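Asks: Sequence:
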Amino acid sequence: MTATSDLTLDNARLADGQLVSIEISRGRIVAMRSAGDPVQRGQELDLSGQLVLPGLTDGHVHLDKTLLALPWRPHRSAPSIRSRIDDEKAHRRANPASLVERGAEKLLETALRLGTTSLRTHVDIDEVSKLDTLKEVLELRARWADRVQIQIVAFPQSGVVTCPVAAEYLEEALRMGADFIGGLDPVGIDGDQKGHLDVIFGLAERYGRGLDIHLHDGGETGLAEIEDIVARTRAAGLEGRTTISHAFALADAAPARLEATAQALREAKVSILSSIPGGDRCPPIPKLRELGVDVFFGSDNIRDCWNPSSVIGMIDRMMLATYRFGLRRDEDIAALLDHATTIPARVAGLGDGEIKVGARADLIAFEALHLPQVVVERQIPSMVIANGAIVHG
0 MTATSDLTLD NARLADGQLV SIEISRGRIV AMRSAGDPVQ RGQELDLSGQ
50 LVLPGLTDGH VHLDKTLLAL PWRPHRSAPS IRSRIDDEKA HRRANPASLV
100 ERGAEKLLET ALRLGTTSLR THVDIDEVSK LDTLKEVLEL RARWADRVQI
150 QIVAFPQSGV VTCPVAAEYL EEALRMGADF IGGLDPVGID GDQKGHLDVI
200 FGLAERYGRG LDIHLHDGGE TGLAEIEDIV ARTRAAGLEG RTTISHAFAL
250 ADAAPARLEA TAQALREAKV SILSSIPGGD RCPPIPKLRE LGVDVFFGSD
300 NIRDCWNPSS VIGMIDRMML ATYRFGLRRD EDIAALLDHA TTIPARVAGL
350 GDGEIKVGAR ADLIAFEALH LPQVVVERQI PSMVIANGAI VHG
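Numbering (numbering that gives the first Met the number 0), first residue to last: 0 to 392.
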């Protein structure tokens, strides 16, 4: 697929309500004018006031885990993170299908149709997957580069202390092209907070990469891990390059502790990734936003050994946030867009995050007047443009 060389979107309604003409050339937005301006490029599409938003970002997905293309797999709830990891390993050993056979491309196709034009995927690195799955994901990224921007996290699913070969594999993963080094529950999985963080921060510093650390550990253990991650981020000069995914412990913090932790996260520019999970483990996102912490949204597990859910679109993810936090005012619902656009663009380098001259032409249109309508109606885009090319609509 190649980008449309010349395209004008006329009468496009931006999120602030203004009607504009958007000119696209060679995959980029090259001009924005008042709607109806006679200057145009090549093919012209009159959007008749449809709402146009920047392409959305899914900040946390597992392309290597999904079973979306396979027959329904009965799901059972394993009692712990470790038991879920073991169950998944057993499934992989018994069913050595390729990424495409399992559904990675089906997931990408669906996500793009729903408006996701950039994402960050975690890829398991352990004694079962070794570096084989990473090779597949790197190939997948290359095939999809003209449609979806993909970042890759080398993810030590089985730990780095309890899985001694992981550190060596992680280092090679960074050499192969992984963008970030991952981590997972230093205490809950490895039972060694210092040992786990020493390894992953050491690799991040040595190779000049950022980190994205899964943190399911709750209560005081999880809060202490967050404090350690923040301190190490500042000591290593990795401000703005560290993300804590899930951060369930923030849901357990008393108000004063939450404010102190939020201040530390804000000052170290450590971002939080949330899939807005059910149950009682979701960080208080509106409060974190109020306290100045950068939070962006992701899907996490999609129809895999961990989760039977297939909530893929980020508009649906915003709807989950409105429900979870009781958001009813238009301005509060509209503000959720930041968590899938401007924030991941700023803190993760995912997408441009806004519609502006010079940005990559990743745009989505909706039959709506404003974003709250899109979210509460869980609308599917009427048109998706990726890298300047119309891929849907």
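Please note that the accuracy of each hint is not assured.
DSS-like mimics (lysine-lysine), calculated; alpha carbons at most 27 Å apart, straight line [said to hold, decoys possible]:
| id | residue 1 | residue 2 |
| --- | --- | --- |
| 1 | Lys-129 | Lys-88 |
| 2 | Lys-129 | Lys-193 |
| 3 | Lys-105 | Lys-129 |
| 4 | Lys-268 | Lys-286 |
| 5 | Lys-134 | Lys-105 |
| 6 | Lys-105 | Lys-193 |
| 7 | Lys-88 | Lys-105 |
| 8 | Lys-129 | Lys-268 |
| 9 | Lys-88 | Lys-134 |
Restraint ranges, calculated between C-beta atoms of paired labels, are given here [as the list claims (entries may be wrong)]:
| id | residue 1 | residue 2 | range |
| --- | --- | --- | --- |
| 10 | Thr-161 | Asp-329 | 29 to 39 Å |
| 11 | Gly-35 | Pro-73 | 50 to 60 Å |
| 12 | Gly-190 | His-74 | 23 to 33 Å |
| 13 | Ser-97 | Leu-368 | 23 to 33 Å |
| 14 | Leu-368 | Gly-35 | 17 to 27 Å |
| 15 | Arg-32 | Val-186 | 51 to 61 Å |
| 16 | Gly-218 | Glu-289 | 30 to 40 Å |
| 17 | Asn-10 | Pro-78 | 32 to 42 Å |
| 18 | Pro-73 | Asp-15 | 15 to 25 Å |
The hints are simulated quantities; they were obtained by calculation from the structure and are not laboratory data. Model, not experiment: these values are computed from the prediction. No residue lacks a Cβ here, since even glycine has one placed at the ideal position from N, Cα and C.
Asks: All hints, please: hold or fail.
Replies: Checked hints:
no.: 1; hint: Lys-129 x Lys-88; in the structure: 12 Å, holds
no.: 2; hint: Lys-129 x Lys-193; in the structure: 24 Å, holds
no.: 3; hint: Lys-105 x Lys-129; in the structure: 24 Å, holds
no.: 4; hint: Lys-268 x Lys-286; in the structure: 17 Å, holds
no.: 5; hint: Lys-134 x Lys-105; in the structure: 18 Å, holds
no.: 6; hint: Lys-105 x Lys-193; in the structure: 39 Å, violated
no.: 7; hint: Lys-88 x Lys-105; in the structure: 22 Å, holds
no.: 8; hint: Lys-129 x Lys-268; in the structure: 32 Å, violated
no.: 9; hint: Lys-88 x Lys-134; in the structure: 18 Å, holds
no.: 10; hint: Thr-161 x Asp-329: 29 to 39 Å; in the structure: 49 Å, violated
no.: 11; hint: Gly-35 x Pro-73: 50 to 60 Å; in the structure: 56 Å, holds
no.: 12; hint: Gly-190 x His-74: 23 to 33 Å; in the structure: 28 Å, holds
no.: 13; hint: Ser-97 x Leu-368: 23 to 33 Å; in the structure: 44 Å, violated
no.: 14; hint: Leu-368 x Gly-35: 17 to 27 Å; in the structure: 18 Å, holds
no.: 15; hint: Arg-32 x Val-186: 51 to 61 Å; in the structure: 56 Å, holds
no.: 16; hint: Gly-218 x Glu-289: 30 to 40 Å; in the structure: 23 Å, violated
no.: 17; hint: Asn-10 x Pro-78: 32 to 42 Å; in the structure: 55 Å, violated
no.: 18; hint: Pro-73 x Asp-15: 15 to 25 Å; in the structure: 47 Å, violated
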